[in-house]
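There are 4 protein chains.
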Amino acid sequence: MNTVRFEPNTYHLTIGSHPPVMEIGDGDTVITSIVDAHGLDANERPVAPRGNPMTGPFFIRDAEPGDCLEVSIEQIRPNREFGWSRSTIAPGVLDPDFVGNVVGTGTAQYARWRVDVKQRNVTLADPVDTSIGAHTVAMRPMIGCFGVAPAFGQAISTATSAEHGGNMDYRGFTEGVIARFPIFVPGALFFLGDGHAAQGDGEIAGTGVEISCDVTFGVRLRKNVPMRWPGGENATHLFTVGNARPLDQALQHATTEMLFLLGSAYGLDERGAAILLGQSVEYDIANVFDPAYTVVCKVRKELLPSPPPQPGYTRTS
Amino acid sequence: MNTVRFEPNTYHLTIGSHPPVMEIGDGDTVITSIVDAHGLDANERPVAPRGNPMTGPFFIRDAEPGDCLEVSIEQIRPNREFGWSRSTIAPGVLDPDFVGNVVGTGTAQYARWRVDVKQRNVTLADPVDTSIGAHTVAMRPMIGCFGVAPAFGQAISTATSAEHGGNMDYRGFTEGVIARFPIFVPGALFFLGDGHAAQGDGEIAGTGVEISCDVTFGVRLRKNVPMRWPGGENATHLFTVGNARPLDQALQHATTEMLFLLGSAYGLDERGAAILLGQSVEYDIANVFDPAYTVVCKVRKELLPSPPPQPGYTRTS
Amino acid sequence: MNTVRFEPNTYHLTIGSHPPVMEIGDGDTVITSIVDAHGLDANERPVAPRGNPMTGPFFIRDAEPGDCLEVSIEQIRPNREFGWSRSTIAPGVLDPDFVGNVVGTGTAQYARWRVDVKQRNVTLADPVDTSIGAHTVAMRPMIGCFGVAPAFGQAISTATSAEHGGNMDYRGFTEGVIARFPIFVPGALFFLGDGHAAQGDGEIAGTGVEISCDVTFGVRLRKNVPMRWPGGENATHLFTVGNARPLDQALQHATTEMLFLLGSAYGLDERGAAILLGQSVEYDIANVFDPAYTVVCKVRKELLPSPPPQPGYTRTS
Amino acid sequence: MNTVRFEPNTYHLTIGSHPPVMEIGDGDTVITSIVDAHGLDANERPVAPRGNPMTGPFFIRDAEPGDCLEVSIEQIRPNREFGWSRSTIAPGVLDPDFVGNVVGTGTAQYARWRVDVKQRNVTLADPVDTSIGAHTVAMRPMIGCFGVAPAFGQAISTATSAEHGGNMDYRGFTEGVIARFPIFVPGALFFLGDGHAAQGDGEIAGTGVEISCDVTFGVRLRKNVPMRWPGGENATHLFTVGNARPLDQALQHATTEMLFLLGSAYGLDERGAAILLGQSVEYDIANVFDPAYTVVCKVRKELLPSPPPQPGYTRTS
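Residue numbers (our numbering), protein chains in the order written: chain L, 86 to 402; chain Z, 86 to 402; chain H, 86 to 402; chain G, 86 to 402.
Derived by calculation from the structure, the hints in this document are not laboratory data.
Glycine residues also receive a C-beta, built at the ideal position from the N, C-alpha and C atoms.
Among the clues, some could well be false.
Taking CB as the label site, the calculated pair distances span [said to hold, decoys possible]:
#: 1; chain 1: L; residue 1: Arg313; chain 2: G; residue 2: Gly151; range: 33 to 41 Å
#: 2; chain 1: G; residue 1: Glu387; chain 2: H; residue 2: Arg162; range: 20 to 28 Å
#: 3; chain 1: L; residue 1: Arg130; chain 2: G; residue 2: Glu108; range: 37 to 45 Å
#: 4; chain 1: L; residue 1: Glu387; chain 2: Z; residue 2: Gly352; range: 41 to 49 Å
#: 5; chain 1: L; residue 1: Arg130; chain 2: G; residue 2: Pro311; range: 53 to 61 Å
#: 6; chain 1: Z; residue 1: Glu149; chain 2: G; residue 2: Glu387; range: 48 to 56 Å
#: 7; chain 1: Z; residue 1: Lys386; chain 2: L; residue 2: Thr114; range: 36 to 44 Å
#: 8; chain 1: G; residue 1: Gly218; chain 2: H; residue 2: Val89; range: 41 to 49 Å
#: 9; chain 1: H; residue 1: Gly112; chain 2: Z; residue 2: Val132; range: 41 to 49 Å
#: 10; chain 1: H; residue 1: Gly238; chain 2: Z; residue 2: Glu92; range: 20 to 28 Å
For lysine-lysine, the following BS3-like pairs were computed, each having C-alpha atoms within a straight-line distance of at most 27 Å [stated by the list, open to error]:
#: 11; chain 1: G; residue 1: Lys386; chain 2: H; residue 2: Lys203
#: 12; chain 1: Z; residue 1: Lys386; chain 2: Z; residue 2: Lys308
#: 13; chain 1: H; residue 1: Lys308; chain 2: H; residue 2: Lys386
#: 14; chain 1: L; residue 1: Lys203; chain 2: Z; residue 2: Lys386
#: 15; chain 1: H; residue 1: Lys386; chain 2: G; residue 2: Lys203
Under 8 Å between C-beta atoms, here's a sample of chain L residues computed to sit facing chain Z [as the list claims (entries may be wrong)]:
#: 16; residue: Ser172
#: 17; residue: Val178
#: 18; residue: Phe183
#: 19; residue: Arg199
#: 20; residue: His220
#: 21; residue: Ile289
#: 22; residue: Leu332
#: 23; residue: Asp333
#: 24; residue: Leu336
#: 25; residue: Leu344
#: 26; residue: Ser349
#: 27; residue: Gly352
#: 28; residue: Leu353
#: 29; residue: Ile360
#: 30; residue: Leu362
#: 31; residue: Tyr368
Generate coordinates for the entire structure from the input sequences, incorporating the hints supplied.
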């Protein structure tokens, strides 16, 4: 149950079986930092290549394929004053006939945002002369891209996501959340990066408010947990994550994984799970921009059978 | 500004240019009833054929193509004690490889629910011996299927939805909500039906808790409102609705319509709208079961420029 | 076994239970004409509204729901010299990021083609100064939109297609082909229209070479034939048709229907059908432009078990 | 212009920047062999792990990112007597409601085929008692999976495909075909494997007739060729390949690439290309089974402007 600090100086554009930067164990807490999607650090200096450069990987002692890595997101604190976003809607979320006629910009346009960590808000700093005018939204820092090394020696681009996690861009991966990942290689090899100070559902501008962050996370190792897709829980909900295109398939993955989870961890057979989910399931569209889209399937924890017969899937007090 | 009562005795399985049952005007309130998806009334008697039989149509005086029909859902009150749902997950929301191996029931299975209008909850009444055990969820009555006659003489099945509304199965169409529809034919011809006492996102069991209801709704006619898809607002959000398969296209329709709406009713150009939506848009997956899926694009009203320069899109006090 | 002539003077923009223009019987042959998608007749005069106006409906004597209507396309002869097409690629078949940057025309552009019925070719007549230069392709006349009245009183727009047929825009519905439709209403009510002198796969310009045509077709009534989707056969292949969005679902419908057909008409169980289809199935992408896309699933007739135990699915000599 | 032989003894389950097995140059011909998808060699011995183990990579001298690798498939000769296939239809190509009710096998089932290289046919050898009975189809040997190392250090599973090629499972990659790949890393690093003696469109059984093969291929290096997706040509057609899910997106990639190609190599502007493609494009559904589906966009070479102003995209005599 150690707390360790790690200052990154190498970054990765793929999530794969790269040499670990540090070994940690079940119960440890790590204090580190992540750069933004363009590789800009706390001083807005380019220290890594563009494309969601990752901090890590962290080798988790005793982790084996078939186990579950539980990552508790303790703190995500933007560590500089300004973040940036795109200021156009991604063509892929608009009616095709509309894209060519009206939007048709052809060049990426950006906006700059002032991030006030104390007031916990984010204010449009430039362009200030757009039709939206003065514009402030709540700061809700999140981790855009994190996950573990995939199976079979794959090295998967941090532009996309799959069973191992990756660039899920889910606004729900914020402070106070426990994320869970299936483990595919010895040591799990956990990566993280792509900080956002805020983001809408779907990441439909192609970015959140991108910013470097100081991050504190804890890890727990759960042995022999059957799972196929990432998931987790927050104060109110248990959730599973599906990553794929189109949205329909991402939703299929997330829903199927929830059905597995309700069975394996809560003892619900398919009919019981169907009765529960049919009237109470909730979905979030996490991202509809990246090569793989992300859909999150959620159930309010108060609706789950209690107590869950198997520890490991629920928050430890 | 009259309040009228209408007791239905004919029902329609398509939304089209059928003979109106009543003429009403801008500002009128209608008290009527809807049967459930199987045509069962307040006494669970079959009074209409299966497949979302509709009450109506109501002819709106002075309504012309190009206008907007605003329907204020004042009250949806289940008018009998028991509702029903399916108790299996629709195969289309599960991984195809999983469907054949594990679910494979082949026969529709149903559950019965006791609806307590005073306590505003819904309790599983049968099967009580399933793994879910005792199970109570909040009553949140909604209208599954409503809309206006489509253009070109089409008569569209109440199984599906399109620009005219229809079987959107959106849990957000509940009491206190204003729904808006583009008008395609003189008199608009408004239909409603398919009451649900509760429903999860996506209607992934293929039904909500299906029940007949007494419904009170008000209508306002907004002249010359450019809109292509249904929408509306509730206490906190402005929203637009896209109906199509796959989910990706439903989302494209809803997002494009929101972009139009932010421009036409709130004066936002595309870059301003992109800055707003990029960091603050919210999506609901309304249904992922019907022939057309439904995605809802939402923006918190407090984030909109104020005051809106054009009346008609916002709630009148 | 009569041959009758019918000269249309009313046209329909929906396929539904409209008053029949003529009653015909099993074995009859009809000589009639169809206007083009814009309602232009043999003299390029507008005689019907735009949007695939239909000739018909023809009432088939003794046809009942559950039967199959077999339409033999004997002749499709363009009856004027010039056809027209769009001369832009539909945005929906291009990468979304590409649409806004490069294409962005915003206005429909058209081309004019000279159709030489004797030489059986089609030559670009205007614009002649485009980069493609002189351009001649084979004439391959086809029926873009045809089908039978759908169930439940629906009236379905001739812009789209479904189980009843409709705007399938399949280049394979050409002379010498037998098309089959499930029957949903007494008399079947057969409609046809939307002549094309040529068309590529997918109808990706949004049109073929649109032209009015004289059409000769024969009808056969097959009693009690289990089928859910249109299909047919040509000289070499047996085929089934799926209409839906996205392409994946259209392919699912067509493949499932082929599996049914191989079972019901050729006695193949699922494993036998899987062995056949797995190594020999062929697919055509008929249209990827209309509200419902169309995929055709084909099997070479020489690979089918012979003789088929049930008549009705194979060409009568 | 050397002809070299290479006998593989290591295999890869990802396509990435692995150590090359041999360096070859522009104009060289390679005679080598590939094992089947399960890693079985000419003696049906397991010499490599399951999952499309690859022969290679071959380092192409002077190849740089931005160049095009042209692979001429001279010969694909099955080098053993028996191949295997699955004998069930993949659930993903069937209507979801149909999968659970009727198919529901839950276990992979296989068939065994005798491959007669001299007669050039493939005959079902087991099960012989299925409803399909005696069943022989033409041998049409193809390479299921081949391509070049992707960018950014990715190592992409041979289960799937992307811009670099990979598991496209296109029956059109057969003898006499030239395949073209964009080059992402110095030396290109070309891999190949996954031999099929026959396969239907879509690979809907999940396999072709899987078999090890002796393969002869030639390579040409084309410098500075703008291309984003694989493509090629055969005796009659020029083609481009899109790999993605859903089919709609694969088709978008292939069509957009064809538009680029018609512009860059044949001087067609967008309107000229639209006129050509609109009436004459052809599509193949290569695979609708793998994680990324594959659609091929084809144009008959006789319809192309001639002579092409830029060499490199057309067959050298």
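Inset, instruction - If any of the earlier hints don't hold here, list their numbers in rising order. - result: Hints 5, 19 and 26 contradicted; others consistent.
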